[in-house]
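Engineer: Listed in order, the protein sequences are those of chains A and B.
The C-terminal position of the first sequence is numbered 509 in the UniProt record's numbering, with every residue numbered one higher than the one before it.
The C-terminal position of the second sequence is numbered 324 in the UniProt record's numbering, with every residue numbered one higher than the one before it.
For the record, the hints were derived by calculation from the structure and aren't laboratory data.
The beta-carbon is built from N, C-alpha and C at its ideal position, and this holds for glycine as well.
Treat the hints with care, since some could be wrong.
[Claimed, not checked] From the structure, some residues in chain B lie toward chain A, with a derived Cβ separation under 7 Å: (1) L208; (2) G210; (3) G214.
[Unchecked claim] Computed spacing ranges between beta-carbons, pair by pair: (4) A:R114 / B:V13: 29 to 37 Å; (5) A:Q81 / B:S27: 52 to 60 Å; (6) A:R17 / B:R215: 45 to 53 Å; (7) B:Q204 / A:L377: 32 to 40 Å; (8) A:G456 / B:Q204: 27 to 35 Å; (9) B:L174 / A:R405: 48 to 56 Å.
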Amino acid sequence: MPAHPARQPVLEAHAIRKEFPGVVALDGVDFRLFPGDVHALMGENGAGKSTLIKVLTGVYASDGGEIVLNGRPVRITGPLQAQRAGISTVYQEVNLCPNLSVAENIFIGREPRRLGLVHWSELRTRAARLVASLDLDVDVSAPLNSYSIAIQQLVAIVRAVDVSAKVLILDEPTSSLDRDEVRQLFTVLRRLRDQGVAILFVSHFLEQIYEICDRMTILRDGRVEGEYAIGELSQADLVARMIGGELAGLEDLSGRHGPHAEADAAPFLRAEGLARSGAVEPYDLTIRAGEVVGLAGLLGSGRTEAARLLFGADRSTEGSVRIEDAVVTLPTPRAAISYGIAFCSEDRKTEGLVGELTVRENIVLALQAARGWLRPLSRARQDEIALRWIRSLDVRPDDPETLVRNLSGGNQQKVLLARWLITDPRLLILDEPTRGIDIGAKAEIQKLVAELAQDGMSVLFISAELEEVLRLSHRVGVLRDRRLVAELPNDGSLTPERIMATIASGAPS
Amino acid sequence: MSAIAAARGRAYVPLLVTSALLVAMFSAGSVQYEGFFSGQVLLNLLIDNAFLLVVAIGMTFVVLAGGIDLSVGAMAALSTMISAWLVEQHGWPPLLVIPLVLAVGTGAGLAMGWVIHSFEIQPFIVTLAGMFLARGLCYTISIDSISLTDPAYVAFAQTRIALPGGLFVSPSVLIAVGVLVIAFVVLHYTRLGRNVYALGGNEQSARLMGLPVGRTKIAVYAVSGFCSALGGVLLTFYMLSGYGLHAVGLELDAIAAVVIGGTLLTGGSGYLLGTLLGVLVLGLIQTVISFQGTLSSWWTRIVVGGLLFVFILLQRLIVGRRKV
Numbered sequence: 001m002p003a004h005p006a007r008q009p010v011l012e013a014h015a016i017r018k019e020f021p022g023v024v025a026l027d028g029v030d031f032r033l034f035p036g037d038v039h040a041l042m043g044e045n046g047a048g049k050s051t052l053i054k055v056l057t058g059v060y061a062s063d064g065g066e067i068v069l070n071g072r073p074v075r076i077t078g079p080l081q082a083q084r085a086g087i088s089t090v091y092q093e094v095n096l097c098p099n100l101s102v103a104e105n106i107f108i109g110r111e112p113r114r115l116g117l118v119h120w121s122e123l124r125t126r127a128a129r130l131v132a133s134l135d136l137d138v139d140v141s142a143p144l145n146s147y148s149i150a151i152q153q154l155v156a157i158v159r160a161v162d163v164s165a166k167v168l169i170l171d172e173p174t175s176s177l178d179r180d181e182v183r184q185l186f187t188v189l190r191r192l193r194d195q196g197v198a199i200l201f202v203s204h205f206l207e208q209i210y211e212i213c214d215r216m217t218i219l220r221d222g223r224v225e226g227e228y229a230i231g232e233l234s235q236a237d238l239v240a241r242m243i244g245g246e247l248a249g250l251e252d253l254s255g256r257h258g259p260h261a262e263a264d265a266a267p268f269l270r271a272e273g274l275a276r277s278g279a280v281e282p283y284d285l286t287i288r289a290g291e292v293v294g295l296a297g298l299l300g301s302g303r304t305e306a307a308r309l310l311f312g313a314d315r316s317t318e319g320s321v322r323i324e325d326a327v328v329t330l331p332t333p334r335a336a337i338s339y340g341i342a343f344c345s346e347d348r349k350t351e352g353l354v355g356e357l358t359v360r361e362n363i364v365l366a367l368q369a370a371r372g373w374l375r376p377l378s379r380a381r382q383d384e385i386a387l388r389w390i391r392s393l394d395v396r397p398d399d400p401e402t403l404v405r406n407l408s409g410g411n412q413q414k415v416l417l418a419r420w421l422i423t424d425p426r427l428l429i430l431d432e433p434t435r436g437i438d439i440g441a442k443a444e445i446q447k448l449v450a451e452l453a454q455d456g457m458s459v460l461f462i463s464a465e466l467e468e469v470l471r472l473s474h475r476v477g478v479l480r481d482r483r484l485v486a487e488l489p490n491d492g493s494l495t496p497e498r499i500m501a502t503i504a505s506g507a508p509s
Numbered sequence: 001m002s003a004i005a006a007a008r009g010r011a012y013v014p015l016l017v018t019s020a021l022l023v024a025m026f027s028a029g030s031v032q033y034e035g036f037f038s039g040q041v042l043l044n045l046l047i048d049n050a051f052l053l054v055v056a057i058g059m060t061f062v063v064l065a066g067g068i069d070l071s072v073g074a075m076a077a078l079s080t081m082i083s084a085w086l087v088e089q090h091g092w093p094p095l096l097v098i099p100l101v102l103a104v105g106t107g108a109g110l111a112m113g114w115v116i117h118s119f120e121i122q123p124f125i126v127t128l129a130g131m132f133l134a135r136g137l138c139y140t141i142s143i144d145s146i147s148l149t150d151p152a153y154v155a156f157a158q159t160r161i162a163l164p165g166g167l168f169v170s171p172s173v174l175i176a177v178g179v180l181v182i183a184f185v186v187l188h189y190t191r192l193g194r195n196v197y198a199l200g201g202n203e204q205s206a207r208l209m210g211l212p213v214g215r216t217k218i219a220v221y222a223v224s225g226f227c228s229a230l231g232g233v234l235l236t237f238y239m240l241s242g243y244g245l246h247a248v249g250l251e252l253d254a255i256a257a258v259v260i261g262g263t264l265l266t267g268g269s270g271y272l273l274g275t276l277l278g279v280l281v282l283g284l285i286q287t288v289i290s291f292q293g294t295l296s297s298w299w300t301r302i303v304v305g306g307l308l309f310v311f312i313l314l315q316r317l318i319v320g321r322r323k324v
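Chain B on its own, in the form it takes in the complex (with noise of 0.2 Å):
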């Protein structure tokens, strides 16, 4: 029995491995760098990475599944592009523009998610046409980048939420967790959560055993396309701006993140939990580069390069064994 005490601890490994790196990286710049070890630092990373944690909870859906989703990064600026052009030259209202964004975000999401299901297409390619489109809507808005001065906007983006000890979060952060709070649910206790690992799991199989694999999989698309809508409301208070250079790679970053995260990119495997602790690990590594000062910026590239190597090694070690 202790074989299937392994192949039952074997699922958590890649999760200790990514939460031993956060440790350590986070004692190591705390080590080394004066007023690093602060849990404002930790909050920090949250409150500069919500965006990137709500894309990411939906990439994590969409990677489970056992598919891909390039068009958030897009998305995300789709929605900064929309939301400010509607704010600022239009004068709707913020809370028209908001659901607006989100509805046309998960629209997109489900109109990928159907032609991928329909036609039977690889999902890289059907989401990169989407990339594409949402990228081009974007300057058919303005080619330019558009300021926010709408007062809502502004006082939501400078509102800090105090903690006891001192510490403060952004409205941001309390929705990234809520929707990470909600996507746990989902995934863990709901069918279609359930379904999702199920057809990440052995797609054939789930067919076979009647569950409803063509609703599942617009249904993930759909999950990413809202979530990488909202991850573009988030990014807009973040900004102050709309523009369609925002949130270029964004797509990248999320797949890196659900990557170092432990789950597998074959789907199936992986937890919610392990995107938090990737999106982290990716804002830990940005705060110790600016902390060290010398280095320029895309030391956090190479070093998210170099981690990403280590990590799908190590989901190739995973993989292998459990052949045997």
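Chain A with its partners taken away, still in its complex shape (with noise of 0.2 Å):
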């Protein structure tokens, strides 16, 4: 293995060409990728990054240019021929079998047979020694499914590796984790590094890119803006380059936040001793009109539980909730819309937009829900609607046309929120409203929910992110293991570091 600057790349792309219809995804991306490194891609929502990632795995065919492969063109017709010439992807959602055994996940389609049948003791010994030989501590017998969703990742990391141990592709595998569990996926990566995988890395967390990469490629609008040494640019360099310069949003919220004065307003919602046996333990929480109140905690920590209740999504076994004094039951969502309460889910995929419906018809899916099916909307009303939200949120393309499933995820999480924003809702609640979209989105999105909050509106805003429930965020509820341990006024004292000491310790600090 070569490990001289002048080494050959083990993957390259010339002039990818990939389009869907009313989009260019991607055009003309040349793309290189060396053994023993860790290469990060980069881009916004949008930029094409998963798209090329298709493109190299044989998910989709290009409509254009050339794959070369340890200095061999190569045609990727589909995933299977992508890991026999060497080239396995672990997607962000696991892409494992979960009712199969840990060592069947590692080899189905590889079996060691023995006169044509699985020989099962040589595939747990193997599959053994692999997991082992990445210092997990797992069970390779047990059924995946037993194990956190980091453990299942590392389980297809080690699936990938062993198929090929050429190029791996990890797209967003960060983002469900928590600290521990990313440190260990990084522990894992550098020892696969220095086996000389060459390793493509996405994530939208900077400081993991920059722990863990070597290289980079930043793609913007489907083209490729440059490949760097991580050394070369800066964190506020990179962000200039994905975005395109204007580096507007960040800078702007964070002057402008600041809580304020909205002690004296008058609650909105009252959550007393609200609970559900099994997901989330009593908690008092009251919302005040025109407030952000954050919701700070690792995953499984019980932030989505207590959200669903106040949206009547999973009904409470203990307490009441009151709304500006009167007690009401929220027993369905139905009943939680009524009051103004709106809910934009994590899982904007299978719990909000319409793939096969235009960005049209997703925005006034709500209103024309709430205005029933007799008095259906004008063509011309909901394409003023559209293209009005569409503008203000900057929904990418434009179009209000396009088909929802073709937008990246940043820009369906735009949708998603134009549907609520035009219900005119009293309460948002926005469950992880920014994961795995990109910072400009991001940056977007917060300050949509500054403006909404200084019109009136009370959010409450759940985000694994502290940074950004510490930008946002009036008052920040903290929670830890299924308990609501603190609640923390942001009063300019208040820094990620505490809140990461409040939850590490279930105490205010």
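With the hints in hand, could you dock these two chains into one complex?
Structural biologist: Structure follows, in structure tokens:
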């Protein structure tokens, strides 16, 4: 394995082009990957990262260009063929079979056989050896679904690397992992890198990119902006190159934030001893008009579960909710909506948008439902509403007739937000609204939340990113082990470190 | 690690419940009725349900892969019809007719699997169409029952194989058990079998892991087609006739046996042993009711219906707990 600077790239892509109806996703993209490097693929949502990965792994057929593997042009026709050629991928969602054992997930399709039959003991031994070589404490004969997502992801990596140790593509591997799990993942990645595996790493967490990567390629609007060694660009330069200069949103906002004196405003919603057994312990929470309340905590700490009770998505088993001092019951989302509560789920694909409908149709869906089907919105009115929200949220592409499934994650999130915002809610619950979307769209969504609150809307903001929670919220509720352990006023002295300490200790510090 | 042990054990819970049910029913029958407690009663379950077992084995493949096959009853009926027609009315030798019938069944399964895979159509509707087609084809041959008098068929139907202790089974039972053993080896020790489980576990993942999803999907319907045709052949021996109204509702019995045997209808989880137990439970209900003597035969249906509800709820509870 040549390690000198003049080494050959293991994978090269030349002038890759990919079109979808109405969208040019990749336009002449050149890309290369060296053995023994962790290479970051950076870009805003919609810049073409996912599309490029899918072309490299054969999920999409490219409309032009060439892929060269080990100096030889290859035609990649599907994931199986990509694997055989030496390109393996681990996706954001773990793509393994939860019902099979860990060992089988590692070897399925390539099981060791004896006399044509699967050689189970050999399979388990080999799997145990692989898992041990990466210092993982996993019982390989247990079903995969008995392990956490983090472990499942590591199993997926074990499989990918064992299938073909040349090129490993990781698409947002860390978005659902906590800090320790990320550390464990990085240890594994470093070990693989040292073995000469070329790793393509996609993540929205800039710190992680700087921690693990050696080089990066920046995409913008389907084109390559440039390829850099990691030390060449500061984080600010990187962001500027990703979004194309106007680094407006973030700086702006940090000046704008600062808790307003909302303490005297009337409470809009008050939860008293609200709980659901097995999901979240009894908690008290007050949300005032025009106030942004953040919920912080690790994944699985009960953040989402607490919010779902307020929306009637789950029924509470204890406690009560008051809206403007009147005790209400929220048995269903329908009831919550009638009180002006809106809920943007973190799982926008399965719990929100209809991919087969256009942007316009998705935006007017909730409004139409609220009006009843007997009073249809005229087409002209629909167009007007859709265009207005596409403009004000900067949805790209700005054509209301694009199918939502052809949009990138960040733009889908904006469409989902638009749908709820037209119904003019009084309390907007945002569950991880910026998860898996890029920094530009993130800043826009944060800005929007701040503006909405200034206009008097109450917001419950849930996010795994403490900086973001801190930037937006007037008060931060901290959850730990399904219990609301502290409520910290964001009075300027609150720092991510203090929130972390509260999460860690379970008591305000 | 106890959570992991629990997760591992959970896969066997439905199997244990079905076994317990079988033992309980057999014990209750033995206490209640004279002559119930005998090995031959158990063996008769197999003799009377050999064809159902074979068909249910094919169904297990399909259900494990996350699909459903409604055409099996009609395919079995068509098999009896083709056999009787060719042997009785055209004088074809059984040794030629039986392979032909099996080929027709396998071919029909392949075709349905191909349609399901290539056009991404719900298996429910494709196999429903297959069911109508096969039943319809029966009547183009004859609208009446065709009796089989061919000596080879009659001899096969009347043969009893003696076992130690004065017990006996029919050749059909041996065939069914043979199919069970082969199917077990295929499901647990071949790539095809493991791919069936993977496909049922998560089709998208299976595809991204580079498994031959299309081929596997087509294969399970071919297996089911083969099994339903073979079930039809065994039914021909059992009934000694071919008739378009044979095996009405057999597909539902097969699905019931698979579900009572603990295989999840969502695919990916279950065992062939469970299907065997499921078939025995269905058979035992019939036996108990015939021993009872005063209940009419639709009580079988009522009990099967009740059991199905219980088992589907049980599945729900197990799957529900797995999510947490």
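Engineer: Next, verify each hint and record whether it holds.
Structural biologist: Results for each hint:
1. Evaluation of the B:L208 hint against chain A yields a held restraint, the C-beta minimum of about 4 Å falling below 7 Å.
2. A cut of 7 Å between beta carbons decides the hint on B:G210: the least distance to chain A is about 3 Å, and the hint holds.
3. Proximity of B:G214 to chain A is violated relative to the hint, the smallest CB-CB distance being about 11 Å (cut-off 7 Å).
4. The supplied range of 29 to 37 Å is met by A:R114 and B:V13, whose beta-carbon atoms lie about 31 Å from each other.
5. Between A:Q81 and B:S27, the C-beta spacing of about 57 Å keeps the proposed range 52 to 60 Å intact.
6. In this structure the hint that A:R17 and B:R215 lie 45 to 53 Å apart at CB is violated, the actual value being about 31 Å.
7. Roughly 35 Å separates the CB atoms of B:Q204 and A:L377, a value that falls within the hinted 32 to 40 Å.
8. A hinted range of 27 to 35 Å for the beta carbons of A:G456 and B:Q204 is inconsistent with their spacing of about 43 Å.
9. The supplied range of 48 to 56 Å is met by B:L174 and A:R405, whose beta-carbon atoms lie about 54 Å from each other.
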